[in-house]
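Engineer: Model the full structure from these sequences, guided by the hints.
2 protein chains.
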Amino acid sequence: MVKGINLADHLDPTPRILMGPGPSNVNYRVYRAMMTPVIGYLDPQLLKCMDEISEMLRALFQTKNRVTLAISATGSAGMEASFVNFVEPGDTVIVGVNGFFAQRMTEVAERCGAKVIRVEEEWGKIVPPERLIKALQENPNAKICALVHGETSTGIKQPLEEVGEYCKKRDILFVVDAVTSLGGCELKVDEWGIDVCYSCTQKGLSVPPGLSPITVSPKAMDVLYSRKTKVQSFYLDLIKLEKYWGEERVYHHTAPASMLYALREGLRIIFEEGLEERFKRHEILSKRLRMELDQLGFKPFAQEGYRLPMLTSVILPSDVEDFPTRRRLLNEYRIEVGGGLGHLKGKIWRIGLMGETCQIQNIHALIAALKEILA
Amino acid sequence: MVKGINLADHLDPTPRILMGPGPSNVNYRVYRAMMTPVIGYLDPQLLKCMDEISEMLRALFQTKNRVTLAISATGSAGMEASFVNFVEPGDTVIVGVNGFFAQRMTEVAERCGAKVIRVEEEWGKIVPPERLIKALQENPNAKICALVHGETSTGIKQPLEEVGEYCKKRDILFVVDAVTSLGGCELKVDEWGIDVCYSCTQKGLSVPPGLSPITVSPKAMDVLYSRKTKVQSFYLDLIKLEKYWGEERVYHHTAPASMLYALREGLRIIFEEGLEERFKRHEILSKRLRMELDQLGFKPFAQEGYRLPMLTSVILPSDVEDFPTRRRLLNEYRIEVGGGLGHLKGKIWRIGLMGETCQIQNIHALIAALKEILA
Chain Y
1 MVKGINLADH
11 LDPTPRILMG
21 PGPSNVNYRV
31 YRAMMTPVIG
41 YLDPQLLKCM
51 DEISEMLRAL
61 FQTKNRVTLA
71 ISATGSAGME
81 ASFVNFVEPG
91 DTVIVGVNGF
101 FAQRMTEVAE
111 RCGAKVIRVE
121 EEWGKIVPPE
131 RLIKALQENP
141 NAKICALVHG
151 ETSTGIKQPL
161 EEVGEYCKKR
171 DILFVVDAVT
181 SLGGCELKVD
191 EWGIDVCYSC
201 TQKGLSVPPG
211 LSPITVSPKA
221 MDVLYSRKTK
231 VQSFYLDLIK
241 LEKYWGEERV
251 YHHTAPASML
261 YALREGLRII
271 FEEGLEERFK
281 RHEILSKRLR
291 MELDQLGFKP
301 FAQEGYRLPM
311 LTSVILPSDV
321 EDFPTRRRLL
331 NEYRIEVGGG
341 LGHLKGKIWR
351 IGLMGETCQI
361 QNIHALIAAL
371 KEILA
Chain A
1 MVKGINLADH
11 LDPTPRILMG
21 PGPSNVNYRV
31 YRAMMTPVIG
41 YLDPQLLKCM
51 DEISEMLRAL
61 FQTKNRVTLA
71 ISATGSAGME
81 ASFVNFVEPG
91 DTVIVGVNGF
101 FAQRMTEVAE
111 RCGAKVIRVE
121 EEWGKIVPPE
131 RLIKALQENP
141 NAKICALVHG
151 ETSTGIKQPL
161 EEVGEYCKKR
171 DILFVVDAVT
181 SLGGCELKVD
191 EWGIDVCYSC
201 TQKGLSVPPG
211 LSPITVSPKA
221 MDVLYSRKTK
231 VQSFYLDLIK
241 LEKYWGEERV
251 YHHTAPASML
261 YALREGLRII
271 FEEGLEERFK
281 RHEILSKRLR
291 MELDQLGFKP
301 FAQEGYRLPM
311 LTSVILPSDV
321 EDFPTRRRLL
331 NEYRIEVGGG
341 LGHLKGKIWR
351 IGLMGETCQI
361 QNIHALIAAL
371 KEILA
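First to last, the sequence lines map onto chains Y and A. Residues 1 to 375 (my numbering) are what the first sequence spells out, left to right. Residues 1 to 375 (my numbering) are what the second sequence spells out, left to right.
If you are wondering where the hints come from, they were derived from the structure by calculation, not from laboratory data. Check each hint, because a few of them may be wrong.
What the hints assert, rightly or not - With a Cα cut of at most 16 Å, we get these calculated EDC-like pairs of lysine to aspartate or glutamate: (1) A:K219 with A:E165; (2) A:K371 with A:E321; (3) Y:K240 with A:E165; (4) A:K230 with Y:E138; (5) Y:K48 with A:E110; (6) Y:K230 with A:E107; (7) A:K48 with Y:D9; (8) A:K240 with Y:E107; (9) A:K168 with A:E191; (10) A:K230 with Y:E107; (11) A:K48 with Y:E110; (12) Y:K230 with A:D12; (13) A:K230 with A:E88; (14) Y:K48 with A:D9.
What the hints assert, rightly or not - To spell it out: a stretch of chain A is covered by chain Y in this simulated footprint if at least three of its residues, at any positions, have a beta carbon under 8 Å from a beta carbon of chain Y; those stretches are: (15) 9-17; (16) 29-42; (17) 87-97; (18) 310-320.
Glycine included, each C-beta is placed from N, C-alpha and C at the ideal position.
Structural biologist: Below is the structure:
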């Protein structure tokens, strides 16, 4: 008997409609896949499963990058891997900063020893590509330019093409956070000149949190191979990860089999639907959600024309209390929506409509619940 | 349709009897727990689940350490967290090196900027405590002394008490790798003076791989809080992790809910059996396994008196081919056993008898299969 814990207690949390900034709801097929028996980390059957994941991730990222795999940790570790592998102490990194996760990028890069140059913009707006390109021109020694594609803290979808085009022609690595965007809207890694792109499993992919899909261009791998210092992280060392995921099959860590099974099934579901169909569904239903929210007095927060379909940020009407209302949604209606981060706390809500969650009946459930609460 | 992948394919790997160095077999209750609906990373129900995990981990580690949690990545990340949080560039770290994972410790510590002093011993033997204490005496500025409790590459169980006693009285942090030992044999973190102890989920706990339980003493947390430099890793920063797992509940990363459910259930199963009963089961059945293997000509590799009950290392008889025999065990009998690592490749086998796998019928199945193959 352990102090304070009744071992007879089963774990029976109330299921939620997950309309927050992630995780999103998980398809029952993904849960079922997690029941697949765990096998060894070098079992040929597991290696085949990993190969299939790589291949489907390539299709999802729209890339031919050989180094395309899932890091055995959450999206935050994907961010860390994207800097710790490519930054050497003293390197210059330019980051477009217009939200919580872009700020986190600067912190992660600084911990890796980077000299970080911030191109700041108001939260809720895009970082104008011309300002980024100007910063790159003014700092021709910059090694990395980093942007968040879908900023989870504000609901902004950052345009990437122009900056990618600029980096492609120079010795600059273009690092992109696709944590919220992957699987919910267009993301063309090769065409847009992205060198390193990481994401997570629990948002657009609708798989439980725990893995971080990542893809790395040959140009970025060359930079990695020509480092003067060792990558500080052993766990996130992409050369070692590539030797395990690639043909060599050198043991690096014990692959989280159950999570890999889940990711494989989540990816299968995505390709059964088709990327175009999936993106269209997110686009259409997010418009519907915005319209319904607008009628209840929740006005859009993110800059027009650059709104993420998977995450809608809205300004709270002055008569709506943030936390008590979200608590009622959770406790009485089993609906989770997200509050604001940082200085936006209490001011905005972030409503996710990602993957499995992106269904008309969930919009109806949320809007009806809000009408009852605010009546 | 994705190139080379038939989306109609279900994932149906042949189940295995996992008698390798890990993962071990998983109880069906743990799989069932993973079907529990994913909920948000700040959902009060998930936070309660995390509290229960912390409390059960404290009982398992036999510690009162407040900072006792599960890192959202595999055991290798636990190793990295144990060095990256406490090493500052130039610090001296003394590591007892008698196997593959102790070697990895030196690499991880060096990547963190440590000056590493190796106390080397032949693989398959313990590092004599007196040699470690002598090294500590000769290097009074050493900040950390690190040992692997259960060396997965050799089957050695390293004694910890004397070194712990020495470190306890001085400003030395005692870091212990309990990846293979936790849940299978006695491990007394507080009594033995261990400051940082990390493990994994997929061996003695019989939970799928993916998390790394860790416990950190107040003495170690003081060292962490008095660092002059920032912890290089954002993802593994224990101050940030403690703020999420502890009372403050500050968002750090999205907790891998399904894996936490699995860990909670695995821990429940352990405490239903009871620690003493569990350790006895491993002790008795590993003796039985050794006896049976001895009769087939597989002689023990690890030093007598210091053999891990959960992982038996044996020298291959000269007429037994390593890989073809293991392949037949896997393909014809569905039994996985581990080969040797490093210079022991082709020379020894490592046979796991951990948690759920530690059952008499599995020993019978392995021995009978070996008799057929070697007939």
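Engineer: Check each numbered hint from earlier against the structure, then list the numbers of those it violates in ascending order.
Structural biologist: Of the numbered hints given earlier, those the structure breaks are 3, 4, 5, 11, 12, 17, 18, listed in rising order.
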